[in-house]
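With these hints in hand, go ahead and build the complete structure from the sequences.
Each chain, written out:
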Amino acid sequence: MPLSREDVLHIASLCRIGMDADDVERMRQQLSHILDQFEVLKQADTAGVSLSANPSERSSVFRDDVSRPSLSQEDVLRNAPQQQEGHLRVKAILED
Amino acid sequence: MPELYSLTIGEAGALLKKRELSSVELTTALLQRIRAVEDKVKAYVTVTDELALRQAAAADKRIAAGDAGPLTGIPMQLKDNLNTRGVRTTCSSRMLEQFVSPYDACVTERLAAAGAVLLGKGNMDEFAMGSSTENSAFFPTRNPWDLQRVPGGSSGGPAAAVAAGECLFSLGSDTGGSIRQPASFCGVVGLKPTYGLVSRYGLVAFASSLDQVGPLTKTVADCAVVLQAIAGHDARDSTSVARPVPGYAASLGKPIAGMRIGIPREYFQGIDPHVGQVLERAIQKLAQLGAVIDRGVSLPSTHYALAVYYILAPSEASANLARYDGAKYGFAAPDAKDMWDAMEQTRRHGFGPEVKRRILLGTYALSAGYYDAYYLKALKVRALIRQEFELVFQRYDALLTPTSPTPPFRLGEKLADPVQMYLSDVDTIPVNIAGIAGISVPAGFLEGLPVGMQLIGPAFSEPALLQIAHAYEQATGWHKLRAPVQ
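Just so you know, the protein sequences line up as chains A and B, in that order.
So the first sequence is numbered by the numbering used here: it starts at 11 and just counts up by one.
So the second sequence is numbered by the numbering used here: it starts at 9 and just counts up by one.
Fair warning: there could be bad hints in the mix.
[Stated by the list, open to error] With a straight-line cut-off of 27 Å between C-alpha atoms, the simulated DSSO-like cross-links for lysine-lysine are:
#1 K262/B x K293/B
#2 K488/B x K293/B
#3 K52/A x K388/B
#4 K345/B x K101/A
#5 K336/B x K101/A
#6 K25/B x K69/B
#7 K262/B x K488/B
Honestly, the hints are just simulated from the structure, not real lab data.
Printed below as a string of structure tokens:
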């Protein structure tokens, strides 16, 4: 199924990947070609198939709600692009 | 004595135990080997010389104190998506180029506890997305058997490092074939364990319902030793299975007479005919060893597997890779005007083309209006594929297939067409979809290029797979050949 430019721009905005016009056209062609390969699944008879999201087929695992040692604040912030006073520093989230 | 870098774990371990060799000597020899061939092979993103020599000295003390196991003092590599405290963990991505992990993966911890020596981190396709290691953001790795060809991927660095004698073993990760296909291309042994057997804690997530960590080694016996060290329950991975781990070495050397091996016809359709001839000889060899071969096996849903994989894996990846936002860690685009622009520019410049392709694909498959047609449909077909394997394994101990439909291809050959690249994993993907076990073992050569065969078994069948693979290996001797790179 061929995607439109608008489709690609919409998906890119959903997953927050910036693109220029050339990127959009290249992705439009490549993704359309890949989506064509998925058409084969329409032939698969899945009426009455139960779902299995996890191949190990086990139920959720719980642990006791007790505190445990974790990474120090220093360790966590060591790879941060920008930090200030023990916090991550990011661009303004709220607009004026 | 052969060159130290060409030893297996078993051979080196015996010398260490008898004190005829120290881990420092062995590690020094391996670091020299890396210096000698790494310009050609490019299997490492990071080499940890000083750390390795420190760990080797500590291992020598353990050996002297009589506190040594089979991996104590053995130099290894880890794929660069396995977290290593204090050592860069890049996933071969610009996004994590400067990322120094604050913690160890479960497998890193277990190998350190066993006394293994870390030589460095193996190159890979960016975030494990690819089949040739050409998607590394840094440089492609080359096949030690022919430097003009790819080593496979995504664990191309680990497979090439083992084949070139740049480590005694390595660990890779396998989401759709990323251990087995490069093992086949580089003439080494590669195991994708049953989903849940090895902890994923500290493996940088790609597709969480498919990812598994496993060994790349020179021999099947070495594979059993490494698996023994990394297998077993870990509460930090909620999909890790709590069941006793068998002694894998115990299955080696047992006869395979009477074991039932099925040949599923769908895996042999459309493969390179020369690969087919290599596998035919392997089948005959197993029959000579007494295995009962049945060529009447069919798994009709096999031809849906590639589509199922390229819906499910990108869908999961699109969620897992949402964390790379330029705020918490990793690359951050400079000069952005606001938060959303910062995120979009960070992801635009931090991710390579294949990673972006898959995030977009997964986002599309999960988006409103397409979720049922793609993601839900793929989950249902996944169940069909699993059911077919379960039925077949009522009659067979293992299935034999090609690991990949072709021998190693040339660098650049499949880069322009993503779908052609994806087809390189068509024989390995069903194993991840079903969550079962698969091993690739060297099965011969085509004009000097290695060809692997894949043995597939039901969940937790690693002992039987190792038994068959070992019997075949010992009867053929392909594992004794070493790649010509100097």
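- Message: Are any of the numbered hints broken by this structure? If so, which, sorted upward?
- Response: none
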